[in-house]
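Undergrad: Residue strings, one per chain:
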Amino acid sequence: MTACPECGGEVTLHDSIEVGEIVDCSTCGTELEVTAVNPPVLERAPELDEDWGE
Amino acid sequence: MRVGLLYSRIRTDEKLLLEELRDRGHEVVKIDVRDQQFGLSGSSVDAAELDIVVDRCVATSRSMYVTEFFASYGVPIVNPPEVAGTCSDKVKTSLALEEAGIPTPDTRVAFTREAALEAIDDFGYPVVLKPVVGSWGRLMARIEDDHAAEAILEHKETLGHYEHKIFYIQEFVDKPGRDLRVLTLDGEPVAGMIRSADHWITNAHRGADTQQLEITPEIEDLVRRASDAVGGGLLGVDLMETEDGYTIHEINHTVEYKALADVVDVDIVGAVVDWLEEKAATSENGAAKTAL
Numbered sequence: 004m005t006a007c008p009e010c011g012g013e014v015t016l017h018d019s020i021e022v023g024e025i026v027d028c029s030t031c032g033t034e035l036e037v038t039a040v041n042p043p044v045l046e047r048a049p050e051l052d053e054d055w056g057e
Numbered sequence: 100m101r102v103g104l105l106y107s108r109i110r111t112d113e114k115l116l117l118e119e120l121r122d123r124g125h126e127v128v129k130i131d132v133r134d135q136q137f138g139l140s141g142s143s144v145d146a147a148e149l150d151i152v153v154d155r156c157v158a159t160s161r162s163m164y165v166t167e168f169f170a171s172y173g174v175p176i177v178n179p180p181e182v183a184g185t186c187s188d189k190v191k192t193s194l195a196l197e198e199a200g201i202p203t204p205d206t207r208v209a210f211t212r213e214a215a216l217e218a219i220d221d222f223g224y225p226v227v228l229k230p231v232v233g234s235w236g237r238l239m240a241r242i243e244d245d246h247a248a249e250a251i252l253e254h255k256e257t258l259g260h261y262e263h264k265i266f267y268i269q270e271f272v273d274k275p276g277r278d279l280r281v282l283t284l285d286g287e288p289v290a291g292m293i294r295s296a297d298h299w300i301t302n303a304h305r306g307a308d309t310q311q312l313e314i315t316p317e318i319e320d321l322v323r324r325a326s327d328a329v330g331g332g333l334l335g336v337d338l339m340e341t342e343d344g345y346t347i348h349e350i351n352h353t354v355e356y357k358a359l360a361d362v363v364d365v366d367i368v369g370a371v372v373d374w375l376e377e378k379a380a381t382s383e384n385g386a387a388k389t390a391l
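Protein chains in written order, with this note's numbering: chain W, 4 to 57; chain A, 100 to 391.
Just so you know, these hints were derived from the structure itself, not from any lab.
Some hints could be false.
[What the hints assert, rightly or not] Example chain A residues on the side facing chain W (calculated, C-beta under 8 Å, incomplete): (1) Ile109; (2) Gly233; (3) Thr309; (4) Val354.
[Stated by the list, open to error] As a list, the in silico EDC-like pairs of lysine to aspartate or glutamate whose alpha-carbon atoms are at most 16 Å apart: (5) A:Lys114 <-> W:Asp18; (6) A:Lys114 <-> W:Glu21; (7) A:Lys229 <-> A:Glu249; (8) A:Lys114 <-> W:Glu36; (9) A:Lys378 <-> A:Asp285; (10) A:Lys378 <-> A:Glu287; (11) A:Lys229 <-> W:Glu21.
Cβ atoms here follow ideal geometry from the backbone N, Cα and C, with glycine treated the same way.
Just chain W, same shape as in the assembly:
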């Protein structure tokens, strides 16, 4: 469990979490970026940018 930096709600992370992965806070819906895994740290994820894609 890690706290959501936006609402303080608890975010459950799976075992194979990667730095750079995006998770959703189930309480407030904010997209969060995993910036460290040991211990886990979450930050608000960057907003979608115009040049994103494949």
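Position chain A relative to chain W; hints supplied.
TA: Chain A only, in chain W's frame:
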């Protein structure tokens, strides 16, 4: 091998790739491009220690420049900057396909609202307006009449980045509610999917239904030629069906494969890593530049 993975966001696609590489015992160096500096004589990444670099940047602008830097450092990179440069720009892609004699939707580019309206008038309605750089079906317009055309062009001219003043106008292809995606490795088709939607935009990213595509000899020949036309590599080639056969409208250089892997009975990620291993084995890291 030691693989550098350039990223700023780890999607499921990157996770699948990381898992496969690690399961095979390869060392992966995750390189968040947001944390790096790229200089003319070296970068904050020790490029000399990498056997191959895989560009998985979600931001096209970053992808275009990081590939240039790693190529200049002499490191094998997937995909090379020439491929990224062509595929990320719809004008360059259209020209490359046309020059290679590959069917592609008729397209015109205009730089002013007036010239764009003339081009639209020549095509007739409906007509499609796309950003020259963009993905996931965003900012595309299917224009049905003069009023909409005038309004969209005015908005793009007034509100947009300068790139939106390059009006990329394309014939509307009346596809049968679906388009096709084939993932290729240096032209070799690995697997394909059909993407169906009620909406005229049928990207998987926008929730299109997906199912496995049987790759016929005709499709194989077309995607091989399309891959060659843009320089090869790991690509997602998009085709539409018309009354006269297939037409290729887009080639993706940082192709997402999660949706494809979900619907085909082919080990997509395994095939990609097989190909990367071969690429790394046959390429030489000529990096002479040291880390900053």
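Undergrad: Each of the hints needs a verdict: does it hold here or not?
TA: Hints and how they fare:
The restraint placing isoleucine 109 (chain A) at the interface with chain W holds, with a minimum CB-CB distance near 4 Å, inside the 8 Å limit. With a least beta-carbon distance of about 7 Å to chain W, the hint placing glycine 233 (chain A) at the interface is held under the 8 Å criterion. Using the Cβ-Cβ criterion of 8 Å, the hint placing threonine 309 (chain A) at the interface with chain W is not satisfied: the shortest such distance is roughly 15 Å. Proximity of valine 354 (chain A) to chain W holds as hinted, the smallest CB-CB distance being about 5 Å (cut-off 8 Å).
Under the criterion of a C-alpha separation no larger than 16 Å, the hint pairing lysine 114 (chain A) with aspartate 18 (chain W) is consistent with the structure, at around 13 Å. For the given pair, lysine 114 (chain A) sits about 8 Å from glutamate 21 (chain W) by alpha-carbon distance, which is consistent with the 16 Å threshold. With a C-alpha separation of about 15 Å, the suggested pair lysine 229 (chain A) and glutamate 249 (chain A) falls inside the 16 Å cut-off, and the hint holds. With a CA separation close to 14 Å, the supplied pair lysine 114 (chain A) and glutamate 36 (chain W) stays within the 16 Å bound.
Simply put, lysine 378 (chain A) and aspartate 285 (chain A) have alpha-carbon atoms about 10 Å apart, close enough for the 16 Å limit, and the pair holds. For the hint pairing lysine 378 (chain A) with glutamate 287 (chain A), the CA-to-CA distance comes to about 14 Å; that is within 16 Å, so the pair holds. Distance hint between lysine 229 (chain A) and glutamate 21 (chain W) is unfulfilled; the C-alpha atoms sit about 35 Å from each other, more than 16 Å.
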